[in-house]
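Guided by the hints, dock chain B onto chain A, whose structure is given.
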Amino acid sequence: MRNTIVSLISIILGLVAGGILMLFIGSNPIEGYSYLLQGALKNIERIGNTLATATPLIFTGLSVAFAFRTGLFNIGASGQMLVGGLAASAVGLTFDLSRPVLLLVMVLVGLIAGGLWAFVPGLLKAKFNVHEVVSTIMMNWIAYWTIYYVVPGYFKGEFLETESKKLAESATLRTPFLTDMFDGSYINLGLFLAVIAVIIIAFIIDKTTLGFELKAVGFNRFAAEYAGMKVNRNIILSMLISGALAGVGGVALYTGNASSIQIGILPAQGYDGIAVALLGANHPIGVFFAAVLFGILYSGTGFMNAMTDIPPELANTIIAIIIYFAATSVMIERLLNKFMKRRSNRKDKSGPVVEKGDS
Amino acid sequence: MWSIIEQIFPYAIIFTIPLLITALGGLFSERSGIVNIALEGLMVIGAFSGALSIHYLSGVLDNNTLVLWLGLLAAVLAGVLFSILHAFASINLNANQIISGTAINLIATALTVFLARNITGSGNIRITSGFSPSNVPFLSDIPVIGDLFFTKTYPTTWFVLAILFVSSFVLYKTRFGLRLRSCGEYPQAAEAAGINVRRVRYSGVLISGAFAGLGGALIIVTYAGEFTGTVSGLGFLALASLIFGQWKPLGVLAATFFFGFASTIANVSQVIPELAVIPPILLKIFPYVVTLIALVIFSKSSQAPKAVGETFDSGKR
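As you go down the protein sequences, you meet chains A and B in turn.
With the first sequence counted from 1, adding 76 to any position gets you the numbering used here.
No gaps in the numbering here: position 147 of the second sequence is 128 in the numbering used here, and each next residue is one more.
It is possible that some hints are incorrect.
Claimed, not checked - Quick list of in silico lysine-lysine cross-link-like pairs, DSS-like style, CA-CA up to 30 Å: (1) B:K287 - A:K203; (2) A:K203 - B:K154; (3) A:K283 - A:K203; (4) A:K306 - B:K287; (5) B:K297 - A:K306; (6) A:K203 - B:K281; (7) A:K417 - B:K297; (8) A:K291 - B:K229; (9) B:K281 - A:K306; (10) A:K414 - B:K297; (11) A:K291 - B:K281.
Said to hold, decoys possible - Chain B residues, not near chain A, derived (Cβ > 10 Å throughout): (12) V41; (13) D43; (14) I65; (15) F69; (16) F95; (17) F112; (18) S148; (19) F150; (20) R180; (21) Y183; (22) A205; (23) G206; (24) L231; (25) E255; (26) I266; (27) Y269.
These are calculated hints, taken from the structure and not from any lab test.
Yeah, the Cβ is synthetic: ideal placement off N, Cα and C, and Gly gets one too.
One chain only, chain B, in its complex shape:
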């Protein structure tokens, strides 16, 4: 049993990372008071622009690692640009945030495939090579922990974990973090205290765009290697992990890792004899059923930001 876990673990981490960074983006948006159901679409945009820029840059530049990082940067920028649509609709125009998010999801999936088909013909964009996994020197030799956490890791994994650490610090230890959280809890009070609620919410949504774009591109440069016009519901899963993790960075880490681990088990179950006895359908639906149950359990003590999803009306008491 242990050897199975040891084998699965690195893959579970690889699968977790895009989910983690996207959910973390969602956290910034929702903590500022804007529901961001557009995470899925923003991931697609990130995956598309990441794959596209890597596809083109790899013909120009020789340094593949540099190309990949530039691709990630392009994805971040594209995510930010696209999330402006959501911010503008839900902050300036008081649109229903869920409808605006849905519209962005639809625009993202349709537009990227439309453009990709126009560029490559098939609608898929292949990249020549992604990051290659490597063992962390010295640390991977530590018994147990070394096998679980420090073998076959991608540099991006450490990058994302660093972002998680910094985000957590920013949210709880800086002025900006306090303001962001106050705008999600009681924006009228925040405004009375002199905070520009709209501007803070803009930054929340734009950060979520940056992170979700990065998450989408991470799928391309680690395990997928190809843009196919979809991120198969990972954005929605990130949204669920955000709730599952109760809008807290460490909770989100735990929730996304749960999803990563459960999905990896479901994906590899057929090749591992001990798991092959379980009907695959049960393994596949397991994470979703658990989420539903978790939502029920947490419903009594939900830590949801109080003003999330409401349009900001500064005259409201």
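This is chain A alone, in the form it adopts within the complex:
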């Protein structure tokens, strides 16, 4: 409950800061925000697009949150998304299987590729105590350059040097039933995968021994070890699962929302995943709602930019400011405490009768 209040206050402060920015460049914040909301939710197609935008964010948010529960900071979700997306696209472009089998294989290889990409930092952390922040950043750039050369080398697009060949309609996560339901939006099966992932991860964290052990390692690595848990194995496992989630996020992004991979870009969703996880208090349900909020911000800014002079980077700025406030939540909590105390003081003054259990 307290986490939720802190997150909500962070969001409000972020939105206020965004409004001040709009004022600063001479635009009307109320107009800006109303276009932003319209752009994200005006009709059924736009709602579909918003949910699709949120899909990879759900995955990366889960990825970061899951590692964070074990006390690990997976800043490499971008790289894991890239290799996951590349593996899935490679399968989709190469093999000619029946659609259900093909999609299943694509998701699986994306999951494995992302997991392996995070396995390296996990292993280095467990065996050599190499800080995962630096090693995942290195893995990000290795992924960046790998895609930079592998895509033009083996899967070059027909028109552009900078992106891969387009996947056939039947080899993407898009499905006519969803597209029709949402009036031609690019919403796709990735959303279902994301919801399933939210449920599975919530189950693992809250209901299984594995989840308990991972959390124990996150709280106090040494206490966990003393209690007989295999800390190193848990660290590696946590990174594997975290990477696998980001990998599937890559599949959803590159073979669902898009149908090709662009080179020379580390997907921003990887870093936004940190914001999503933080705002969602590292819980899968919270992650889901935080991702949807960011989906609204991102998909609404296009329309806002078309109707006003406000640059679309407003969304990123608001999100970044929200994370800063969430990171400095101590400040908000102190204010909350002060506020609560004052209220209870006032109550004491008005009615001196102290009920049982009220003190």
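Chain B alone, transformed into the frame defined by chain A:
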């Protein structure tokens, strides 16, 4: 082979300098006990404010060299101002330093592009002319060394090397340096000895902001000439070189030069026949793989400041 090295060397140095000054900034912050993953964002801020002020000042002032130096100054100030955000979050509010740093990286990249797009329309800020490289008189005539170190150099290169020298002196030979290092190793003991840990850490983070801002602007005034909203991961590379260099000024110099040299080779490999036979992908990922390996090798004898990344709790034993 030698002639290739001779050709590459000046470019490698040019590429090294922004990395060096940024990593050096990171060194001050981490030695004081604050992890500064925000170097990337601070570089972006520096690049943006440097490019912006040069863009405007060049219409007002005639002296281009003066304009460029003023641009660098603006970048330093902007870096300091922005790093206050990180210092405030991690020192006063006990925030998780990595999250605060990440937030600043995101704010920096988003905010600068937001403002730049509002100013120029495209989101890029071009400067009319940067520093021009020149040979150092007399010294460039020395055989071997002259060709490697004293040809096609920028004045900023010497400036940064001077900062490196001074920093090294400040860290190891002055009272402030000793206090800074003690706050990163054992802040509780430092406090017991009468040192204001929070204030020392503030200065560490602000210095890192100044240096990273300068590093970002140096990219603009030397080889880039244009602000495009990113410094393409150089800040993270600086962070890696800091670890690679084991938190020591000379180690950082060696590590950043390694990255500078490796990146330059990767960038020019296609035009040099001897290097063109190596697949470019290997050259590009080489520095990152080496860093990972180096981290493994150094892991047993890591010289990391002991208290780096921990929030300061003066009651802790």
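Checked hints:
Note on K287 of chain B and K203 of chain A: the hinted pairing holds, with a Cα-Cα distance of about 20 Å set against a maximum of 30 Å. Our distance criterion of 30 Å between C-alpha atoms is broken by K203 of chain A and K154 of chain B, whose separation comes to about 37 Å. A distance of roughly 28 Å separates the Cα atoms of K283 of chain A and K203 of chain A; the hinted pair therefore holds under the 30 Å criterion. A distance of roughly 25 Å separates the Cα atoms of K306 of chain A and K287 of chain B; the hinted pair therefore holds under the 30 Å criterion.
Restraint check for K297 of chain B and K306 of chain A: satisfied, since their Cα atoms lie roughly 28 Å apart, inside the 30 Å limit. This hinted pair checks out: K203 of chain A and K281 of chain B have alpha carbons roughly 11 Å apart, not beyond 30 Å. Distance hint between K417 of chain A and K297 of chain B is fulfilled; the C-alpha atoms sit about 28 Å from each other, no more than 30 Å. As the CA atoms of K291 of chain A and K229 of chain B are separated by approximately 36 Å, the hinted pair breaks the 30 Å bound.
Between the alpha carbons of K281 of chain B and K306 of chain A the distance comes to roughly 21 Å, so the proposed pair stays at or under 30 Å and holds. Taking the CA atoms of K414 of chain A and K297 of chain B, the gap is about 26 Å. The hint holds against a cut of 30 Å. Our distance criterion of 30 Å between C-alpha atoms is met by K291 of chain A and K281 of chain B, whose separation comes to about 27 Å. For V41 of chain B, the requirement that its beta carbon stay farther than 10 Å from each beta carbon of chain A is met, with the minimum near 23 Å.
Listed as a non-interface residue, D43 of chain B keeps its Cβ farther than 10 Å from every Cβ of chain A; the least gap is roughly 31 Å. The claim that I65 of chain B is not at the interface with chain A holds, since no C-beta of that chain comes within 10 Å of its own (minimum 12 Å). With 10 Å as the threshold on Cβ separation, the claim that F69 of chain B sits away from chain A is violated: the shortest Cβ distance comes to roughly 8 Å. With a closest Cβ-Cβ approach of about 4 Å to chain A, F95 of chain B is found to fall inside the 10 Å limit, against its non-interface label.
Once the 10 Å rule is applied to beta carbons, F112 of chain B is consistent with being away from chain A; the minimum gap is 28 Å. With a closest Cβ-Cβ approach of about 22 Å to chain A, S148 of chain B is found to remain outside the 10 Å limit, as its non-interface label requires. Here F150 of chain B stays apart from chain A, with its beta-carbon at least about 28 Å from theirs, past the 10 Å limit. Every CB of chain A is more than 10 Å from the CB of R180 of chain B (nearest about 20 Å), matching its label as outside the interface.
Listed as a non-interface residue, Y183 of chain B keeps its Cβ farther than 10 Å from every Cβ of chain A; the least gap is roughly 16 Å. No beta-carbon of chain A is positioned within 10 Å of the beta-carbon of A205 of chain B; the least distance is around 16 Å. No Cβ of chain A comes within 10 Å of the Cβ of G206 of chain B; the nearest lies about 20 Å off, and the non-interface call holds. Look at L231 of chain B: its CB is around 20 Å from the nearest CB on chain A, clear of 10 Å, so calling it non-interface holds up.
The claim that E255 of chain B is not at the interface with chain A holds, since no C-beta of that chain comes within 10 Å of its own (minimum 20 Å). With a closest Cβ-Cβ approach of about 5 Å to chain A, I266 of chain B is found to fall inside the 10 Å limit, against its non-interface label. Not every beta carbon of chain A lies more than 10 Å from that of Y269 of chain B, the smallest distance being close to 4 Å; the non-interface claim is violated.
Violated hints, listed in ascending order, are 2, 8, 15, 16, 26, 27; each of the other numbered hints is respected by the structure.
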